[in-house]
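Each chain, written out:
Protein chains: 4
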Amino acid sequence: MKPGRLQAFSDGVFAILITILVLEFHVPAYRTGHLWTAVLHQWPILFAYIISFLYVGTLWLFHHDYFNTIAQIDRGLNFVNLVVLFPITLVDYPTNLIASALASGNQSDMKTAFIIYDVVALLISASFKLLYTYVNRHATLRVKQAKHTKLHQKTKDDPLRSVAIYAIALVVTPFSTWLGALLLLAGIIFHTVAYFRLSRSTKIVID
Amino acid sequence: MKPGRLQAFSDGVFAILITILVLEFHVPAYRTGHLWTAVLHQWPILFAYIISFLYVGTLWLFHHDYFNTIAQIDRGLNFVNLVVLFPITLVDYPTNLIASALASGNQSDMKTAFIIYDVVALLISASFKLLYTYVNRHATLRVKQAKHTKLHQKTKDDPLRSVAIYAIALVVTPFSTWLGALLLLAGIIFHTVAYFRLSRSTKIVID
Amino acid sequence: MKPGRLQAFSDGVFAILITILVLEFHVPAYRTGHLWTAVLHQWPILFAYIISFLYVGTLWLFHHDYFNTIAQIDRGLNFVNLVVLFPITLVDYPTNLIASALASGNQSDMKTAFIIYDVVALLISASFKLLYTYVNRHATLRVKQAKHTKLHQKTKDDPLRSVAIYAIALVVTPFSTWLGALLLLAGIIFHTVAYFRLSRSTKIVID
Amino acid sequence: MKPGRLQAFSDGVFAILITILVLEFHVPAYRTGHLWTAVLHQWPILFAYIISFLYVGTLWLFHHDYFNTIAQIDRGLNFVNLVVLFPITLVDYPTNLIASALASGNQSDMKTAFIIYDVVALLISASFKLLYTYVNRHATLRVKQAKHTKLHQKTKDDPLRSVAIYAIALVVTPFSTWLGALLLLAGIIFHTVAYFRLSRSTKIVID
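Residue numbers (my numbering), protein chains in the order written: chain A, -6 to 200; chain B, -6 to 200; chain C, -6 to 200; chain D, -6 to 200.
With the rest of the complex left out, here is chain A:
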């Protein structure tokens, strides 16, 4: 089967998620005449949404580039794609947890929020590992061009590296909120950097 509808369905899920994320950035509760102060207090929350936008956006970029190398799909790949999409649809939940914990400023709640985000991010990276493994074992699904092998080789260890970062973040967060937050942030930025590193190394061979 052609990957057209799998891509269209996935694009729909990504588009909804990335749009809804920011839609959760609500008008704050405020006393009439004090909207300005209320809005200013929202910047840490806006920052959380910007990071999640970057995260989901980068996941879409990888999904986009990866399925560009897939010529055929089978029922197994169709199902694995659902497994990849599920934890991604969860990103909105820990983002809201972080926004809520940042609003109250409670250390214990922030730790909870960061840990849940770590778990979701770890599951996402693990599901990408599953996707890459599935495709490697069903090589006939891939576009038959040597150049794509390079993309597959360059990216194949990224998910495990990310799983490691998020696992460390999980362990560190109970001891230090901000070190945990930094590791989480590093994990997310690592994806975007990996995408551009990919860009440089395969610029010519991928069209």
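Hints should not be assumed to be uniformly reliable.
It does not matter which identical chain is used: a pair holds within one copy or between any two.
Pairs of lysine to any residue residues, derived as SDA-like cross-links and limited to a Cα-Cα distance of at most 20 Å, are as follows [said to hold, decoys possible]:
#1 Lys(-5) <-> Tyr188
#2 Lys122 <-> Val156
#3 Lys(-5) <-> Ala31
#4 Lys(-5) <-> Gly26
#5 Lys149 <-> Leu124
#6 Lys(-5) <-> Thr25
#7 Lys(-5) <-> His27
#8 Lys104 <-> Ala31
#9 Lys104 <-> Trp29
#10 Lys149 <-> Leu123
#11 Lys(-5) <-> Gln100
#12 Lys104 <-> Leu134
#13 Lys104 <-> Thr25
#14 Lys122 <-> Trp29
#15 Lys104 <-> Val156
#16 Lys149 <-> Thr62
#17 Lys104 <-> Thr30
For the record, the hints were derived by calculation from the structure and aren't laboratory data.
None of the values given here were measured: they were computed from a predicted structure.
Using the hints, position chains B, C and D against chain A.
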């Protein structure tokens, strides 16, 4: 008419539903400093959303594979597709009912929630039966390839089997909440298993 | 320019609307142990959502069939399509008004809700008239096949007939809530019937 | 890489935004029997949503026409497109701020709301400038036809003109709410007018 836009529209509906489902998994009400306990109490609710994600995801898989065998659509099929999509858009409602009833733990409310879910699931399976019947009576709409007949034969009794499971669940639930829940769960998992059974039996003949 | 993205964008808007409509059908406020009674009281509201689903679904069917006869788009048609989509995105608002008024059962509020729905429906039909007129004046945009002329002739007066029905409903509703509601319902069902009438008369000529 | 999925993903984001915008136009809080008065009081708010619909719709029209001139995308353009989409997803937030401030009628809150809208609009125009600059520096991405050069030349200064309008609005709003509002409105209408001006000047050369 070509099925392109019918598929794109349906993909949109499925993508929104499956994404929104999990978006209903809200930040719990919690006292500052007690987010961890509040989040832990949400796992039964998360389970309800995971099952509904699996359900809507599997319905999309069937829709995807089925319309892969359709070469032409007419106005009747366009309308029948809306009839199929309507009960699917309702899935979010009983999922929220179950989440709400699980949160309170009240047996009577859980029975209500499971029964409404059974009714919606029964309507979905019945609408798929309508879809299969419509296409069988308008055979010119199908891709003219013998191999697809096999897919149509393998799947044609699935909807009625599901209707039977959900009807039994409907009758059993008032007497036993958990047996009713188990039957509902069995019905949903039956769809996913049926999809993979299909996969094995038609692996070679479908491309 | 090709109509591909105009159709994809419109499909997205229709898919979101038709899905969100039913998502507004919320878990009712209920006392623990009384979910069943609360759910039963929601049936008139569910009916309002079913009618709006049928309405938006039928509008999509017409949009789908109509743009099937368009080979090229220009900037004017791109803009006219936005004008068509705007009142359609409003349908959710009067549907919620009707659901809210039905829940309280207040006659005066129901009249308000039906009148707002009439206004939105009238604007939708008027915008379709605008679309048909625009395309008739820019005949080069159409698929160059005689058979499509028949579709254009069959449908060209439908919008004005609908505008008339909704205008009468607008005038009647302040005097009789239920006669007004009946006219509104008749207007919506008229669209679906018109679609199938179209189906019979152009079955052979349209592919 | 082909721009197909970038367009589909962007169409999804635009479709969700433009639909959700109006969905935020909620049933007003009202006492039973006074829905009519409550609805009438919503017209200034409806006006805010209509303007944002026009704004997001026009941004889609430009995105649509612009990517019509792109034959190939690379990873950089894929990322720049995310940068363009981000501030657009923010439009819903200041629209709600304006709706909220208009509802209370407080001058100071209105200024806040208009200023936030100005900032978002300025970021959107700046991101379009980034998009145009990126494509100009990677000319191989463009459709190789002289006629499109005209589109690029006609539109290349539009973003900077808009940035200027919104910057002036930003400065003026603290001194005069209504002059600020007028400048914001002028900026948005400027986009729509620019689209039609484009239409006239390139009617023949673009197909």
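Quick rundown of the hints versus the structure:
1. Lys(-5) <-> Tyr188: Intra 25 Å, inter 18 Å, cutoff 20 Å: inter-copy only.
2. Lys122 <-> Val156: within (9 Å within a copy, 37 Å between copies)
3. Lys(-5) <-> Ala31: Intra 50 Å, inter 44 Å, cutoff 20 Å: neither.
4. Lys(-5) <-> Gly26: neither (57 Å within a copy, 50 Å between copies)
5. Lys149 <-> Leu124: Within one copy, since 10 Å is at most 20 Å while 31 Å is not.
6. Lys(-5) <-> Thr25: neither (56 Å within a copy, 49 Å between copies)
7. Lys(-5) <-> His27: neither (55 Å within a copy, 49 Å between copies)
8. Lys104 <-> Ala31: between (24 Å within a copy, 14 Å between copies)
9. Lys104 <-> Trp29: between (29 Å within a copy, 9 Å between copies)
10. Lys149 <-> Leu123: within (10 Å within a copy, 32 Å between copies)
11. Lys(-5) <-> Gln100: Classified as neither: same-chain Cα gap 49 Å, cross-chain 47 Å, threshold 20 Å.
12. Lys104 <-> Leu134: Classified as neither: same-chain Cα gap 42 Å, cross-chain 45 Å, threshold 20 Å.
13. Lys104 <-> Thr25: between (33 Å within a copy, 12 Å between copies)
14. Lys122 <-> Trp29: neither (45 Å within a copy, 29 Å between copies)
15. Lys104 <-> Val156: Cα proximity of Lys104 and Val156: one copy only (19 Å, versus 40 Å across).
16. Lys149 <-> Thr62: Result: close within a single copy only, 14 Å intra versus 34 Å inter.
17. Lys104 <-> Thr30: Close across copies (12 Å), not inside one copy (27 Å); limit 20 Å.
The structure does not agree with the numbered hints 3, 4, 6, 7, 11, 12 and 14 stated previously, though it agrees with the rest.
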